[in-house]
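K.L.:
These protein sequence lines map, in sequence, to chains C and X.
Quick note on this note's numbering: the first sequence kicks off at 1 and runs consecutively.
Quick note on this note's numbering: the second sequence kicks off at 1001 and runs consecutively.
Please note that the accuracy of each hint is not assured.
Taking beta-carbon pairs under 10 Å as the criterion, some of the chain X residues facing chain C (in silico) [to be verified]:
1. Thr1085
2. Gly1159
3. Glu1161
4. Ser1171
5. Asp1212
6. Leu1352
Sample of chain X residues at the chain C side, in silico, Cβ under 8 Å [as the list claims (entries may be wrong)]:
7. Leu1238
8. Asp1242
9. Arg1350
Using C-beta positions, here's what the derived DEER-type ranges look like [unchecked claim]:
10. X:Glu1286 with C:Gly238: 57 to 65 Å
11. X:Pro1120 with C:Trp379: 57 to 65 Å
12. X:Asp1277 with C:Val230: 20 to 28 Å
13. X:Gly1189 with C:Val302: 31 to 39 Å
The set of hints was computed from the structure by calculation and includes no laboratory data.
We put the beta carbon where it would ideally sit given N, CA and C, even for glycine.
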Amino acid sequence: MRSDSISARSASIAPRLRIAALLLLCSLPLAALVIVGVPRIFDELIVHLAATVLPAQLLYSLATAAGAVLVGAALAAGGVLCGLFEFPGRRLLQRASLAPLLLPSWFLSIVVQNTLGATGPVALALVLGIGAAPLFQLLATAALRTVPSQYVEVLEQGGRARPWPAVRHLAPFAVPALAAAAVLALLLAWADEASARTFAVPTLTVGLHDQWFGRQDDAAGAPVAIVLLVIAIVPALGLWAVLTRGGFRDSVRLQRRGMHRLPLRGPAAAVPWLLGTPQLVAGVIFPAAVIGFWSVERIDRVRLATVGADLVHTLTLAVGGTLLAAALAMAVLRHEVAATAPRLVGATARVVLATFAVPPVVLALAFLWLLPEGGGAAWTRAINETPAPLIAAAGLRYCAVFLIAGQAALLRVARPHADVARVTGRTDLRSFLRLFRPFVAAPLAAAACFVFLEALKDLSLSLVLQPFGFTTLSTRLFQLAQTQRIPEGAPWVLCQALVGLYPLALLARMADPAHDTGARDASWGKGGGKGQGDGAVDR
Amino acid sequence: MTPTKTHRARRAAGSRGAAALAPVLAVAALAAACERGPATLRVITDRTESNVAPIFAAYAKATGVRIEPVYLEKGLISRLESRPTEADIVITRDADLLEIARTKGLLQPLASKRIEAVVPAEFRDPAGTYFSDSYRARVIFYSRDRVRPDELATYEDLGAERWKGRVCIRSGYHDYNLNFFGQYLVKNGPERTRELLERLKANLAAAPAGNDRDQAKAIFENRCDLAVMNSYYMGIMLSSPDQRPWGLATRVFFPDQQGCGAFILRSGLALTKATRDVEAARSFLEYVVQENAQDYMSKLTYAYPVRGRGPLPEITRSLGEGQPGVSDGSFKICKVPLDAVAAQRDAVIRMLDEIRFDQRP
């Protein structure tokens, strides 16, 4: 009896220790930032900054981030309509609208600035919005999978298959997803520095770089980083609160796998194309034409060899970062469904989201602080001489994407599945996958594709943490851009885009509401209680 | 426990053990792969690859010692502080960063009589921990068609009323400008420096943006008439088919030749504190100040070698042609001690913050 009770206690302590260790691991960069920065918050420096550059920088940051969100939402209109309607060329428009994910925003900024001479916050918001539009499209399209087919059929029979009435009736299904996309777009715009500097917009992140690297003093930039984080953390944690609250659950009803699209005929069929053309032109055709033109004369054997070497490093970062981000997120999610130490799990999730709100350069610097060589200790040197810190930083940064996707997927989990998880208390990966794979596989696979594409384009982390002999496609491209040899960078950006095509195609396929992902039909069971719907089950 | 369960338990334990060991083995394998060979020097630098990689290659060819660089656009000092044993040599585009590194205890003395013998004192740190192998002047590029050289004289002319809305410059917070403004502050004091910054900002055609060559491009496109740039960009632009029109549209003016002289930006080289092979690292540093290396560097980068008056490229010699006091690549330099500039960095940044230099004029 005694050994049974001891082993039972051990069994309940071990998962808590694991999640506590995970919380500690994920908190380290933020903790480092707070330890370095908070004392300086009370310094004269922050008072000086508040009295001089901070207000305007804050205004520019808010304006351009909000502008990027609005532009992104507007440019995504055509792509979102692809999820609602069937019309000639729908699949082409839907997939082409995602193509801006292949190109780094900062490179598009340089192309726009150099070819069109554009500067200022409007140009910045436009370029960041082009990059954000696919997020809106992906998440809204995924949300529209929850629209009941019967509902759509009623609309069609009631003669409301025209664009505007249909959108008016179906939009509420996509609102939470659009809100999530808006938050992600806001955070990505908030953290941008390279594009802002290209367009000469003095945002908070630009100011952070100026103070940090101008003064060459880690502590000088940390207070600004904390100000950035405090503002960005509100939408980040708000998103988590929305995803985990019962009110959001109520809006999610998974009735059928594939959504029946409303047919658009006649002139109405041109509406999605009209709305989607700006995104296609600005985000796909224009950069493709410029890069293609530059590439024609600049692909030769020597460059290809260098591109190949840089590609290997880039793939190491992208694959490693994606796998690590997925592993961290799975570790959190499986403890969540098993309801072990819910407070610790919630705290870990919030820390991960807060880390996403931190500009990548701050995360990179935090990793430098966390992995000092401490007098030449062999293990720190061994780690620092590998891409491990860079991969770890990328994994931690993008873990939030997996977490959001997984959490949104778990909202669809049927009561019996959740109950089994809680009763058994098993938090190992095999049990989690056995129970929940049908629900989380597709969203996590989509998250993996998105994270891979983002890690492929990473610049800020690589510029600070790259080990010796580890030039990536982005850092090489950046070097060339810095020396005004932008056209010479065409082979590198072309390689980046080509490598990203396959995951982009996978992402487009998974986001297509008509695509069968193998998700089981499920709903909350009938009966009372918050978070439970009307319980219609499609059999 | 039944034999089947025992077997399963052992397999599960084995799997868990393997999963735990896998990352450790991966790190070890990667570390082994990254382990440098016996004849390798590691260099950490914020200079652009095109400027230094050929010199590394030339040294490797001459000595058989391979140079393994990492190019950090930003965060060099932070990285050096965090990983002091990572690199043997640090090379910076501006020596004041090395002064900051020195004050943080990240460098070790050069202890090289050869460097002391051939590098003039104004290009060496008084404490003997770093030196410069080259320099370039922070000058005024002006429109060949719209500006006469006799309309310019000093840096203060950048703030003259006649140039209102016609001056271009990159971000005030960039290292080049922090160094330039810092030298001005050392020489002229805070009041005059603030006045220069305020007047300069008032004359800007647009918010500071881009790099130095973007300013020449702006002159070419008639968006401004004057720009503050480094002298060597003329040679670099004229050598590039895409940028040649920008170079041809501009000329170089060396300010203040009747006064203190033009300010120069000095590159920096040093040994890190934890250099593993001091002799080999010192050997590389001594190599870069050899005559042939200095000649090669000046042809490659169009910068001025610190070592005497070796043959300069034609383009470099032609800079400031026709300007009184400037001929054949020779001009008056305003000498400011290397260590004095770094100490002004914070003060310069504060001024830039107070006048909101990078925000729209």
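K.L.:
I'd like to know which numbered hints this structure contradicts. Please list them from smallest to largest.
P.N.:
2, 3, 7, 11, 12 and 13
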